[in-house]
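Q: Using the sequences provided together with the hints, build the complete structure.
Residues per chain are reported as follows:
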Amino acid sequence: AQSVAQPEDQVNVAEGNPLTVKCTYSVSGNPYLFWYVQYPNRGLQFLLKYITGDNLVKGSYGFEAEFNKSQTSFHLKKPSALVSDSALYFCAVREASNYQLIWGAGTKLIIKP
Amino acid sequence: DTAVSQTPKYLVTQMGNDKSIKCEQNLGHDTMYWYKQDSKKFLKIMFSYNNKELIINETVPNRFSPKSPDKAHLNLHINSLELGDSAVYFCASSPGLAGRDEQFFGPGTRLTVL
Chain A
1 AQSVAQPEDQ
11 VNVAEGNPLT
21 VKCTYSVSGN
31 PYLFWYVQYP
41 NRGLQFLLKY
51 ITGDNLVKGS
61 YGFEAEFNKS
71 QTSFHLKKPS
81 ALVSDSALYF
91 CAVREASNYQ
101 LIWGAGTKLI
111 IKP
Chain B
114 DTAVSQTPKY
124 LVTQMGNDKS
134 IKCEQNLGHD
144 TMYWYKQDSK
154 KFLKIMFSYN
164 NKELIINETV
174 PNRFSPKSPD
184 KAHLNLHINS
194 LELGDSAVYF
204 CASSPGLAGR
214 DEQFFGPGTR
224 LTVL
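Chains as they are written, first to last, in the numbering used here: chain A, 1 to 113; chain B, 114 to 227.
Don't read these hints as lab results, they were simulated from the structure.
We put the beta carbon where it would ideally sit given N, CA and C, even for glycine.
Partial chain B-side listing against chain A, Cβ under 10 Å, derived:
1) 117
2) 150
3) 156
4) 163
5) 204
6) 209
7) 215
8) 216
A: The structure is reproduced here in structure tokens:
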């Protein structure tokens, strides 16, 4: 069965510091992995995805994520956090042969000035 | 132009009433979705339509009925509203069912059942 875990309900980072939001997954075949961001009272916005190829994926707003097959992880990173990055972040996974998208529970990211 | 739009943005109603939420996308996508986000922000897929055909129908009460008059529209009708239906409902679309496609979300409809 497919599953995705975001082990941290909340991550606190000081502005200017690097940030990491964790995501691990479980699928039987090749995974397609996604990160979305939800700002308060808004819909979700797509940030980046891993389909195939380079394990380091770059996305919107300076975010990147690294696909690690051996650790079945797809952590979201940014070298220098901004207060405006404060939002709810969702990881999602889909098995390549399956159209069902499985969502993580979300991680609230708080960037303090 | 808004890519995925939903109306209304807010909906406050009494228990037992029937209500509808409308969704339209102008992206030319083939696939549309309805999600429910509860008060803890958990996101749950409810329905998925591809080319007006129902593809995903998760364990959702029969009181919820989606309708897709054409590929650009996916409406959600809810009968006999209950307190537990209070949530934010998101419509989304994607180019197709292909696993590599990301989804585009509407702004959400906040439903409050009193």
